[in-house]
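Novice: Given the sequences, and given the hints that come with them, work out the whole structure.
Sequences listed follow chains A and B, in order.
Numbering-wise (this note's numbering), the first sequence opens with residue 1 and increments by one.
Numbering-wise (this note's numbering), the second sequence opens with residue 1 and increments by one.
Source of the hints: derived by calculation from the structure; they are not laboratory data.
Errors might be hidden in some of the hints.
Some chain B residues flagged as far from chain A (calculated, every beta-carbon gap over 12 angstroms) [claimed, not checked]: (1) T10; (2) E12; (3) G22; (4) H25; (5) V29; (6) V36; (7) A51; (8) R72; (9) T80; (10) R84; (11) K85; (12) W94; (13) Q103; (14) I104.
To give an idea of the chain A side of the interface with chain B (calculated C-beta under 10 angstroms), a few residues [unchecked claim]: (15) R24; (16) V27; (17) A29; (18) F33; (19) A37; (20) R38; (21) D40; (22) I43; (23) D45; (24) A56; (25) G61; (26) V63; (27) M73; (28) D177; (29) D287; (30) E734.
The beta-carbon is built from N, C-alpha and C at its ideal position, and this holds for glycine as well.
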Amino acid sequence: MPESHSSTPPGWRRHLRFWGTNVRQDVDAELRFHLDARADELIADGMLPEQARLTAEREFGDVGSVRRLVRAMDEQHARRRRMHEWWGDAWGDVRYAVRSLRRAPGFVLVVVATLTLGIGLNGTIFSLVNAYLIRPLPLPRAERFVVMGSIDPGIGIPAEMSYPDYQDYRSLKVFSDLAATVSTTASLNEAGRAERVWTENTTGNYFQTLRPRMLLGRGYTDDESTRGMRVIVLSHEYWRRKFASDSAIVGKTIRLDGIGHVVLGVTASGFRGFAPMISSDGWTPLDESPGARAARLSRRSDGFLNVVGVLAPGVSIERARSAVAARAAHIRRDHPETSKNIEAVVVPETRARPLLAIAQPVPLISLVLMTLTLLVLVIACVNVANLLLARGTVHQREHAIRSALGAGRWRLARQALTEVGLLSLAGGLGAFLLARWAAGRMSGIRVATDAPVSFEFPTDWRVFVFTLLAALATTVLAGLLPALKNANAPPQSVLSGGGRAVTDRSQHHVRSVLVIGQIAVSVLVLVAAGLFARSMRAAQSMELGFRTRGVLTAAFDVSMANYDSVRRRSFQRELLDRVQRLPGVEGAALAARIPFGYSNNTWRVATADRRSELPESGLSIFDNVVTPEYFRIMGPPLRRGRTFDADDNTSASRVAVVNETMARRFWPGGDAIGKTFTTLENKAEYRVVGIAGDAKYMFLGESPRPFFWRSLSQIDRGGLFVEIATAGDPNALEQPLRAIVHDLDPDLPLYDVRTMEEHLRNGRAMFAVKLGAMFGGAFALLALSLAAVGVYGVISYSVSHRTREIGIRIALGARVASVMRLVVGQGLALAAVGVLVGAGLAFAVTRVMATLLYGVRPNDPIAFGGAVLVLAAITAIASWVPARRAARLNPVRALRAE
Amino acid sequence: MASIDLLQGTLEFLILRTLNWGPQHGFGVAKWIRTVTDDRLKIEDGALYPALHRMEQKGWITAEWTLTENNRQAKVYELTAKGRKQLTAQTSAWVGYVDAVKQIIAASTIRPEAKARA
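Specialist: Have a look at this one:
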């Protein structure tokens, strides 16, 4: 008899069936039984075995297809049932987890808050990374965008490209389009009111290259630029702000630097070109016409263009690079006089943010930041794991019973994981909201420059997916360990051992060290935040050496108007005269720079005086160019000598006022007045006529530095600040000032109009301190929360392990207070070590911050004392909660429960 | 006598009736049907098995592996409560159906118009 007929289903398969049916073997066995039984019948009737088998099979029909059909049916059914069971179990787990979590709202709150902070920080940093490295521009073909720059290998930093070079690269077939642009300021006069705008001056194919959505009208093309037409495209934001969303704007003419430009269109909201940090007000075409070409466009040595291109379909960046390198070799060969060393870089647009020149370290910085924040997440996870362990011990008895009753280990682990998963999910959701809020706050940061720089950190789906993944990782990290630990605890040892898991001493040490580390870092961050906060406070009432109250400053640039130097001077004189006659004005002065401003100039200054111990190459010194009243109105006031006067004109010898520090450094022990010094760059000699006081110029915390002033009547300058002093509200002077400037020249814009106090508060003076206080505060909060949870987790865990011991103590008559002391003391011991380490760290680190601080010393006792007190309080509270639980133990129940 | 091709559902009904006598393996069911109907229903033995497995999945019958008197492992099917309910329902449905068919056969001598007038 053939083998297939003789075998019966072996008994051992029943055991297999315990884990699930074996469909194939069952079906085979069943059909084989049928055929065998029928054949036996036929043989009993006298048929030969072989014939009997064939008859049985004939009667049966198509054995093969029946077998296949039944197998398929059963397999599908088994699959469905397994799925059904899995989902049923999962749903059961979720309901069980929700039920048990609802009994511990405090635990849920602490865990979810910890995870929200930990994951939220990661989400926030990720939204930065996303904005700077990942997110494509919201433009078509963005994945093929590349940015180009010229590079001199000797210097190594990508720089702007000249127009002739750009033209040479533009004709390469590897690019579908290649456009170039340069940011510039212009004066825009609309409805009789001039203002300075930031525009991008671009090649005609700019809109063809970037293809932004247009709200109104269209972008310009090569047709306009090669014909040298005066047209402009406005940004959505500027159009809304300046033109009150005028829907009939297209076709109108507006005056830019006094020249009429026809408005061609308005871009849709959100378009910011390919350097999204700068929000331009509008776009104008370069004059690319053959005739009227600006001289700049013909100079191969004059690199000023930012170049953006789109790779042709199917062209890799490597191919584009080799094509560009070949073309660069041509340029070197054909134009050795200007481009002997020139090369070009091509990078994907996402690697050219925020600017090509400074984009190179961005990936590394991102990596470092993400690593640090992931580290924070790991700490948060460990804290959560500790909390889960502390809670898991409470559950261990129940787990042990269920395990003894036959629940599988994996099943129990899965149940614990479900609980953690739910917590992580809640934490992840909170984290996404937190990251969105934080990214919004960071987008709101205004960088201290006068260019329209702003950040945008959109929280898009990538950030959402990232936080979700982080939550998932958290589940595994924080959940797996306690879950497996619980699941692995042998039931008999837990049940007989009185519910105590075996405490591993070394594990406990690791936990303690970790908590100490968290406390130390908290102290460090808290001290730093405290120092920044105290600087902020001190800076409100700072003495800077110049007048800060009741001053209005405003900027204008007469080089925007095409004045000759005589006209410039008369304009300046007229402006100053009329401002000084305004009611309530104590005085006014013109100056090339304002303290804590953005354009600063240094000179290498040397003196022939042999007693000064200055280097041969001179000292690097800041200067200002001012009108005579400056010292009286703005300060610092003159100490000795005289200010400039009418005789100090262009035909007289050059004079200067120096500050006390410069006088002391350059002419020690003698009188500076009458002495001379030289600016080495232009070999100009100045005679000192006066000495003024010291003041702060760059940083709040700087020590007095040399400084000198030159006379505006001897220096021809276009861009100036007018500074007006008043006893009243300086803001009230803005309108009269604007009226005067408008009266003098309606096309000349007045910009950066603000009070000195505002300038100091929002400008670079306070920028570092403000940013420091903001981030320091946020990080301090984060570090404190994590440390508090860390202490709480470790102490809770330890209390839950010492239940029996504490029970015995209470039974033997220990008082509530002594039990509390025992537990809280344990927490405070951790805190003491942590605070000591942290304070030492802070002492070392805060010295570096000295220049950023004002009015406080890096070892400020209040900042240090405050940090220590806060930490001590937090630790005390974090260990008080479990201590109270321990003290309230009912000794009888505590002992019996075990 | 001509054999009748089985309708879908008929087979399930037959199986239910067979198992109503007691637990039985697939071979036994096939044999019983053949005996009772004098082999007039042309059923290939193989056709039984998809039906049996389908009914098992629907929960009308359950199966268990047992040893036969020949000491062989056989998969034996048994009616469940659900299956019994099905049997009752299907039996009355079949009786009604058969009555209706009988009436049609009996009435085939009367013309439709006459019946309508009457």
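Novice: Taking the hints in turn, state whether each one holds.
Specialist: These are the hints, each one checked on the structure:
1. T10: holds (17 angstroms)
2. E12: holds (14 angstroms)
3. G22: holds (17 angstroms)
4. H25: violated (7 angstroms)
5. V29: Nearest chain A Cβ is 10 angstroms from B/V29, so the label is violated.
6. V36: Check passes; 17 angstroms lies beyond 12 angstroms.
7. A51: Contrary to the label, B/A51 does not stay out of reach of chain A, its closest Cβ about 10 angstroms off (not over 12 angstroms).
8. R72: violated (5 angstroms)
9. T80: holds (16 angstroms)
10. R84: holds (22 angstroms)
11. K85: holds (21 angstroms)
12. W94: Non-interface label on B/W94 holds, nearest chain A Cβ at 25 angstroms vs cutoff 12 angstroms.
13. Q103: holds (35 angstroms)
14. I104: Holds: least Cβ distance 33 angstroms, greater than 12 angstroms.
15. R24: Violated: closest Cβ of chain B sits about 13 angstroms from A/R24, beyond 10 angstroms.
16. V27: holds (8 angstroms)
17. A29: holds (6 angstroms)
18. F33: holds (5 angstroms)
19. A37: Constraint on A/A37 satisfied, holds at 5 angstroms.
20. R38: Constraint on A/R38 satisfied, holds at 6 angstroms.
21. D40: holds (7 angstroms)
22. I43: Hint on A/I43: violated, closest Cβ of chain B at ~12 angstroms, above 10 angstroms.
23. D45: violated (13 angstroms)
24. A56: This hint holds: A/A56 lies near chain B, its Cβ roughly 8 angstroms from the closest one there, short of 10 angstroms.
25. G61: The hint holds - A/G61 has a Cβ within 10 angstroms of chain B, the shortest such distance being about 3 angstroms.
26. V63: Constraint on A/V63 satisfied, holds at 7 angstroms.
27. M73: Given a least distance of 5 angstroms, the restraint on A/M73 holds.
28. D177: violated (63 angstroms)
29. D287: With Cβ-Cβ at 81 angstroms, over 10 angstroms, it is violated.
30. E734: With a closest approach of 85 angstroms, the A/E734 hint is violated.
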